[in-house]
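Asks: For reference, the chains in residue letters:
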Amino acid sequence: MSLFSRFMDGWRKYRKPGYYDEFDYHWTMTIDLDKCTGCEACVTACQAENNIPVVGEDEMAKGREMQWIRIERYWEGEYPNAKLSFIPMMCQHCDAAPCETVCPVGATYHNQDGLNAQIYNRCIGTRACAVYCPYEVRYFNYYDHEWDSPLEQQLNPDVTVRGKGVMEKCTFCIQRIRQAKDVAKDDDRRRVQDGEMQPACVQTCPTKALVFGDRKEHESQVYKSMNDPRNYRVLDELNTDSSVFYLKKVDA
Amino acid sequence: MPNIDRREFLKLVGAGGVSVGAGFMLREANKDPREYLIPHVLAPEDFSSGLDTFYNSVCSMCPAGCGISVRTREGRAKKIEGNPAHPVSQGRLCTLGQAGLQALYNPDRLTAPMRRTGEGESASFEEITWEQGLKQVGDRLDLLRAARRGNRVAFLTQGVRGHLAQLFESFMRQLGSPRLLHYDFDHPHTLYAANQQFFGESRLPYYDLANTRLLLSFGADYLNNWISPVHHSLGFGESRQGRADVRGRFVQIEPRMSISGAAADEWIPAKPGTEGILALGLAHHIVAEGNYNGADLGAWTNALADYTPDAVAEQTGVPVNSITRLADSFVDTTPSLAIGGGAAGNHSNGVDTLVAVNALNYLVGNIGQEGGLVLNPEPAGPAVQQHRASYSAMVELAEAARQGEIDILIISGTNPVFTLPPAAEFAEALAQIPLVVSLSSFLDETTALADVILPSHTYLESWGDDFPEPGVGFSVGAVSQPVVSPLYNTRGTGDIILDLARRMGSSSVMPWQNMEEFLKYGWRRIYQRGDSQTLAQGFDAFWTSVLKAGAWGETTNGSTAFTLNPDVIAGIGVAPPEFSGSEEDYPFILHPYLSPNFHDGRGANLPWMQELPDPMTSVVYGSWVEVNPVTAEEMGLSEGDLVDIQSPHGQLRVPVFVYPAIMPNVIAIPIGQGHGEYGRYAKGRGVNPIEILSPLLEPITGNLASSATRVNLTPTGGRVKLVKTGGVSRDLGRDIVQHTSLGVEVSSAADNSIPITEVTT
Amino acid sequence: MTTETFKLGYNDIHDDVVRSIVKTGPKYYIALATAGGVTLLCFFFPWSYQLYYGIGAAGMNHPGVWGTYLASFIFWIGLSHSGTLLSCVLHLTNSSWRKAMYRSAEAMTLFSLVVAATYVMVHVGRPWFIHWAVPYPNQMELWPNFRSPLLFDVMAIATYITGSTIFIYMGSIPDFAAVRDRTSGWRNTMYTLLSLGWRGTDKEWHRLHWAYTFLAVLIIPLAVSVHSIVSWDFAMSIVPSLHQTIFAPYFVVGAIYSGTAGIVTVMFVLRKTMGFEQYITKLHFDNLGKLLLVLSLIWTYINGVELFTAWYSGTSEEYEALGYKLFGYYAWLYWEMILFCAVAPMLMFSTRFRTSFVPMLILSIAINIGMYTERFLIVATSLSRQYLPDAWGTYVPSPVEISIMVGSFALFTTLFLIFVKIFPSVSMYEVKETMATPKMEPAAPAAGSPA
Amino acid sequence: MNVSIVPALKVLRPAAMLVIVILVGLVLGYWANATFVPGNSPEQPIAFSHKIHAGDNEVPCLYCHTQARRSPSAGVPAVSKCVGCHLEVATEKPQIRLLMSYWENREPIPWIKVHDLPDFVHFTHKRHVLANIECQTCHGPVETMDRITVSSRAVNGSAQVGHPWKMGLCLSCHRENEVVNGIDCLTCHK
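Chains as they are written, first to last, in the working numbering: chain A, 1 to 252; chain B, 1 to 761; chain C, 1 to 451; chain D, 1 to 190.
Hint data in this document are derived by calculation from the structure and do not stem from the laboratory. Incorrect hints may have been included.
Unchecked claim - When the alpha-carbon atoms are kept at most 27 Å apart in a straight line, the in silico DSS-like pairs for lysine-lysine are as follows:
1) D/166 x D/113
2) D/166 x C/421
3) B/520 x B/548
4) D/10 x A/164
5) B/548 x A/62
6) B/31 x D/10
7) D/113 x B/78
8) A/62 x B/31
9) B/11 x D/10
10) C/421 x C/439
11) A/164 x B/78
12) D/93 x B/135
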């Protein structure tokens, strides 16, 4: 390859998130806002699965809640035809993520599965990624949180317990992705099938509003719901190319 | 070597020595602390280190009875998930079900039997052994039984089903005492009574939400905590977007928008207590428009004669054209379904309202149809005639205690001191009972007044089973097995009762050593019902297969044929609701509703639940009163202003939350906070609206009309910062939640999102 | 520009400067003790408390993850641009009036940079891993992320610190030599080492002058790039009110503006305490005043442009951010900034104001307060109201943050006090250039006239 | 007046020498502790020798560490496994009698952990054992050790006794064997 073409190849890769030409998997989630009732089962399931600490009342009063997925409420109209709609907001694992460019030590980057990885023990806590994230889905450990015994027996051994000074966010339950890949590798090295891997929130959503899967597999349920005519992406005009597709709420 | 004198040399050697020592200690300091690797003595067979083991069980955080599958690692429970094989939960769970682990590992659990010492203020509990505790209670029971005065023993439990209820019943039968009461604040007494009146059977039918195309819900918050929230959510999701070409429509009629109201297509604020009148208004319109031509048409027309849309509109505050439009769409879209309950059932006309809702279903003819109201078959569980205690039954119990007719009261799993209004004076009645025994796992308000505490396991450590009440249209059962070995010196509720039965000499009738044995004995009967193939493999194989699957079912459906006896039609009619307190000095109607996080207060000691933002207001760790924006404007109130809520029977001080979807003369406070005891997470937080409810009764069932209290609102001028996670809950034109209308094929290219074929990154 | 002829002679400047170094009266010790004490108490103690318990001691929360730590960091970096402007730019335009002030101005640069670097350690969540931001080869085969403006910061500020250290040290070698010849004992040893054997030969002077000019030319673009990079931490984000192209010039002008105001303050204090009234005269204040006036006008213009672009964009986010900045929770801070940094400096149009010392001192302090508020507003108002209204929240500094801010000023003062006792705070050989050369008395004893 | 800095340096000479001596001393002390103090091969409650078991009698590793093929953690044999052989074998030896005393009163043997990875590392024995990588690659020549010492594989294959595992070790091995997604952080960081 001539020097120039090598340079152009490098530049083209440089423009890609994580310098990949092709993603290995391309994990995606769709959220059907017509089905979401705002019951917040996903919030508790996520806290149970990912060792998210309970920060206590005065930390909440200071505005330091710790929830990787939060339900945002938007009222439309006034009484008596007031309507309330909910929108679950979690890390969108954007393919052009503003947070990945700003971390000085590269603690957050795009990996080959299309995930925005947040490596806890590489993070030095500049919190620039939280500023750059337009979705406000990055949460900072302001203190070392402790679990009153015996609550710590419930901690999930597959997920790090984060110390103070570290940024954390939704990881699409990376420990479950790793587990699914492990099982798939045992089964003569096949790929993870659709439905084998479900994050805790998708698994517990009582109205099945949340669907998760690999966008590269065209028979997967997420691929179909991703191309549902009602699909849109929040703050799409910012060109973050997010991997979470929302389906519009239907007004009948 | 540069010439240095002796003093210089000695100084250098000294410094060198010190620094070598310092270097040595520095390395010692940053060595990892010594850790141990403790092996097993005998290698366990059901789990290996580093791998997960899943156990199926049943969730008992609320009466719905969803099947759960608990992931454990090396003997510790890590995560609760729904059991995909269980028809009620189908692999899904609600927020309270997910938080079950914090009940198991709660730091404020009772760890050993205790006995009260000292009196009055200086009363405290001292730890005793199980032998002492059981002996003290067992001997008293034996004495009473021998003296044929067993009826002086009362047993108060939460609404349990399955073999535990049967155990309690046979235990009380041994004592010859009729006083076995199942008491829950949120038990829908009026719905059971309405079904008894209308269908002739006091059981809940199966509401087939999944296949319906229009649901009218009169006050029932079916997505939050009405009867079976997870199953209803599954049905809601299926009806909304589950089918390719059809989208179910949901209409909610209630004075304050609940979670189901937010999810509905249309929220219709009707005056509190007039939901039944609205239902009859719709029925009148259906019959008047000739859309009903059953044989008993004549009886219906004169029964519904005076419920003309105008009269109904005036009484309920719902405009006439809404009534007619709703009635027509209820008839045109088939299958359609009407459900009622929740706050609508907690008025003085509760039963009539729900009979009216059943009438609507009858007029449209969706009883027994798919997508309508399916009558449940006989429950497969043990035949138990549960005496569900209404509010007046609890007042009678308190009265009997005051008269000194009760020597022993055993309480298991219910917390009446918190869930009964002070007008019942239940706490004072407890003081009159010589021996109060509590089997609760936590020190809640009632257990704090007990004399002897025999703490029982939480549901993840004990045996039990459950046959879900409204079920899924066919009979379903599931066994709840322990997923972890017990943490503390506690025992299963069933084991305690069996032990007490042995001590009072009825071990011949109740021979089982522990709850597991009793369960197997009970399930042998269900095993007999099995087809030849299950009978062939023997009971043990059947038992392990039920434990492994976590669910058991029979495909016997309920009867679809249903004939309504004529005199029910004559009795149709809903009187306008009465309220306690006059309109002048108590202008507002209090609408207490079950909080999504704490149900009726049982979830308040779970840290996740305290920290979960309330779905509608995003407030955490506290209570609030929801006020209509216009009313708040008039009274000069804004979010966080402290106000005094005064009812004829009590007063509360609580901050205001301006709530856009509540009627102007109605204010709402969530139930669940305001605990005096119940652990570090719940104690001293928020207020309990039950404390100011006036003891107005619903005449037919005798239950408390909890939505029928009038209150007034006086600002105190104080302000507090309402702790909440939400910021400004208005979209400000940013299209964050985007909407589309039905049937419009919005091709993805139309709006500005990138056409998604294969997003080439 | 009439070169002001001092009525003083060569020996007076030598005696004054050496006296300022050698003679340390009790007042100095009291000042050093209080400054050192306040630094320990208000800077290092709360910082160690925060290191032990976690950044929660500060007031930051979920939307507002940056707080006064970053605002102070930018403020101190801004203050450091004074030295650069004064010594480099004016050196290249060889204006004579800078000669008395440039040494202490450069000291101000160096010390505010040191304080700013310490502030980075306070701001960062886990400062014990901050060495990962340096591209050293490691067994983890991990490099810092060179695309990040924060890493540009690390590089730029490191270069800037080394650049200004060399610049100040090299410029004072002749002065060290002069002091060396007039002191004895341990001071003599120290200054002998510091002056690197300076003999004052022609070759040395020529080489010094060339090196000094070369460095001056190098440091000017460096200073401009440092503060544009600091502005890129904000401008490269997509936060509604930060994502604007005007940010780099806005920050650079703001920095020089705040730096010059800082110089006025330091010069006033230096004149009073060290007795350099004759050397720092009305002329200096007059010229500084003119400079301040120009900078304030540019700064006001850029602020106007920022408001206009936000208003002209017409998007809901920009409107909301603009409305919040002007009339929201922090509005009183915004109008106070406008008053101090745009309105008050208009006083400097009158020469009388410019040449009177105390009013200029008060005005310069006011400008710096305004500039600190501006940095705080950029951080606070932009982060609390971004794209998703339900995730809005406000940020209020906590006592720990305020005490660390006060402590940082005390730290700066302590460093400056130590500087005054080591470095000759007025550059002797430059000031002598402005003096009339003494007439050689025919019979003057040739006892080694000073260099 | 002489301007050369040499006399000034002479004045500072004693101070300079002191500083150099202190620095050398610190480094010396640190190194001495690191190599000679058996921090990384502690005294175990029972002097179990891998040399006798794995070396001389060639007991396969997976016989005792059974979980290594199936689970992330290799697992330590239960006391019942030791007693399985030692009811008959070498019962007179003092260490075996000590083992039997543990077995009689049903008390687990409190082994002291030697090999340990930080909590944020996700290391699965299963994937490495199934990729038939020798245990000695990371644990060093276990079959020659009477008492287990921490040891890690140097890049050129020979085990470096005495140095605990560092990330570079894993990375170099993953790079050599072109492990799929081997150098992605999320592969090993939980």
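Asks: All hints, please: hold or fail.
Replies: Hints, one by one, checked against the model:
1. At most 27 Å may separate the alpha-carbon atoms for a hinted pair to count; residue 166 of chain D and residue 113 of chain D meet this at roughly 17 Å.
2. Distance restraint check for residue 166 of chain D and residue 421 of chain C: the Cα-Cα separation of roughly 48 Å exceeds the 27 Å cut-off, and the hinted pair is therefore not satisfied.
3. Taking the CA atoms of residue 520 of chain B and residue 548 of chain B, the gap is near 15 Å; set against the 27 Å cutoff, the hint holds.
4. Between residue 10 of chain D and residue 164 of chain A, the direct Cα distance comes to roughly 50 Å. Violation of the 27 Å bound is thereby established for this hinted pair.
5. Between residue 548 of chain B and residue 62 of chain A, the direct Cα distance comes to roughly 47 Å. Violation of the 27 Å bound is thereby established for this hinted pair.
6. Using a Cα cut-off of 27 Å, the hinted pair residue 31 of chain B and residue 10 of chain D is violated, with the two alpha carbons roughly 41 Å apart.
7. Proximity of residue 113 of chain D to residue 78 of chain B is assessed by CA-CA distance (about 25 Å); at most 27 Å being required, the pair is judged to hold.
8. Under the criterion of a C-alpha separation no larger than 27 Å, the hint pairing residue 62 of chain A with residue 31 of chain B is inconsistent with the structure, at around 38 Å.
9. Taking the CA atoms of residue 11 of chain B and residue 10 of chain D, the gap is near 18 Å; set against the 27 Å cutoff, the hint holds.
10. At roughly 32 Å between alpha-carbon atoms, residue 421 of chain C and residue 439 of chain C are farther apart than 27 Å, so this suggested pair is violated.
11. For the suggested pair residue 164 of chain A and residue 78 of chain B, the alpha carbons sit about 23 Å apart, so the restraint of at most 27 Å is met.
12. This hinted pair does not check out: residue 93 of chain D and residue 135 of chain B have alpha carbons roughly 51 Å apart, beyond 27 Å.
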